[in-house]
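Please model the complete structure; the sequences and the hints are all you need to start from.
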Amino acid sequence: MISSIRLKKIVKKYTPEGFTLCINNLELSNNHIHVVAGSNGSGKSTLLRVISLLDSPDKGRIMFDNECVSPEQNGQKRLRKKIGFVMQNPYLFNMNVFENVAIGLKIRKYKRAETVSRVKKILVDFKIDHLSNQNAHKLSSGEVQKVAIAQILVWEPKVILLDEPTANIDAQSTLSIEKIIKQIHKTLDSLIIITTHSLDQAYRISSNTISLREGKVFN
Amino acid sequence: MNYIIDGLKEALKIIFTMDKEFISIVGVSLRTSFIAILLAGIFGIPLGTWVGIGKFRGRGFMATILNTLVSLPTVVVGLTFYSLLSRRGPLGELGILFTPAAMIIGQFVLALPLVAAFSMGGVRNLGDRPFIAARLLGAGTLRSSILFFKEARFIVMTSMIAGFGRVFSEVGVSMMLGGNIRFYTRNITTSIALESSRGAFSLGIALGIILLMIAFVINLTLYYFQSK
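Residue numbers (the numbering used here), protein chains in the order written: chain A, 1 to 219; chain B, 1001 to 1228.
In short, the hints are calculated from the structure, not lab data.
Some hints here could point you the wrong way.
Unchecked claim - Okay, derived cross-link-like pairs now, PhoX-like style, lysine-lysine, Cα gap no bigger than 20 Å in a straight line:
| hint | chain 1 | residue 1 | chain 2 | residue 2 |
| --- | --- | --- | --- | --- |
| 1 | A | Lys-77 | A | Lys-120 |
| 2 | B | Lys-1055 | A | Lys-13 |
| 3 | A | Lys-216 | A | Lys-59 |
| 4 | B | Lys-1055 | A | Lys-138 |
| 5 | B | Lys-1055 | A | Lys-106 |
Quantities reported herein were computed from a predicted structural model and do not represent experimental measurements.
Below, the structure is given as structure tokens:
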């Protein structure tokens, strides 16, 4: 279990003249579902990329509980296996939906029977079991989003990062995914961070809202 | 007109009776081309991928070099390796001039830039998203690379087939480095050149038919996998 993430003096710059993410001190715990709200270009996705260890910060350090991760340190591979990150435009592999959702479990060496039962269950929960044998490259953008979220939640990550997870999904599906996220937070005790444009969504699911503006946390 | 029809009849007879010389010629072509394209794939696909999605200084220049080398004339490759492998050349001691090994080296050099350039173009369109997606699912570098190349399988296949087409149908390298030795280095294209220069069209036509049929089967296979 990862019960808290702390970002200390994080600086991430993509281009010399471009946008800079600059976070002095931010602590996130698994007691809440954290929603990061902000306009386009405010640094929401960059923040998630840094927390997911996909990108290393130029400066500063991230603490996962008491374990420190800084750009100079190794040992990120083990931590990365505990973090599930759904990007804004997720990529699904050129294989059927079932196989796509099962990849994360295969990587974690789950047994075949358990893999099958977990995948079947989550496909039903997400109401996409009818797409099980369909090639993922033939799905609509809303279906892609659902499969991508299922692909992560199926292996029950300790940290769940969702970058605008319901951006391409209809209202009814949005509510059902929000319900699943809340349920997972309750049952798994995972640390969940979601970015969104929608303040309504922030109010519905968040117990801690973080505002980002021009790369800085804004109160 | 008659000699063409007679040639065609004789060609079909050669094919159906499985003439010994005909089998040897086709065998040499297939053997050398397959080995050359396999080697070109082993080196060319990673090279093309690196230039296609790698982030390093001079990437554009490398891409231009690869694209330029795609149209490398076969006789230039033949001549270069002839001078290197001939007795007086720096690699003369190897004693492989006029052997299938020399043909394979020349064909490998011909196919390498083509395979790399095709991979580069395809992989550039695909981008690094499959690799990142695999990383986000917790895969290490090796597993992410395997998943990436699984995604790029059509690109890989197309590159290999394009390269195979190039080496299977070339004549310059085979003639200069293989020497067109009967039952040893004589392949389909050098044989067609020889037979037609002697006015013996039947074997040339038979080999031409086989050349076309193999190209057709390979493209059909590619189409089958792409439509799956």
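Hints, verified against the model:
1. A:Lys-77 to A:Lys-120: Status violated; Cα separation ~28 Å.
2. B:Lys-1055 to A:Lys-13: Measuring from Cα to Cα gives roughly 17 Å; hence the hint holds.
3. A:Lys-216 to A:Lys-59: Given that 20 Å is the threshold and the Cα spacing comes to 15 Å, the pair holds.
4. B:Lys-1055 to A:Lys-138: 30 Å, violated
5. B:Lys-1055 to A:Lys-106: Violated, at about 30 Å.
Hints 1, 4, 5, counting from the list given before, are not met by this structure.
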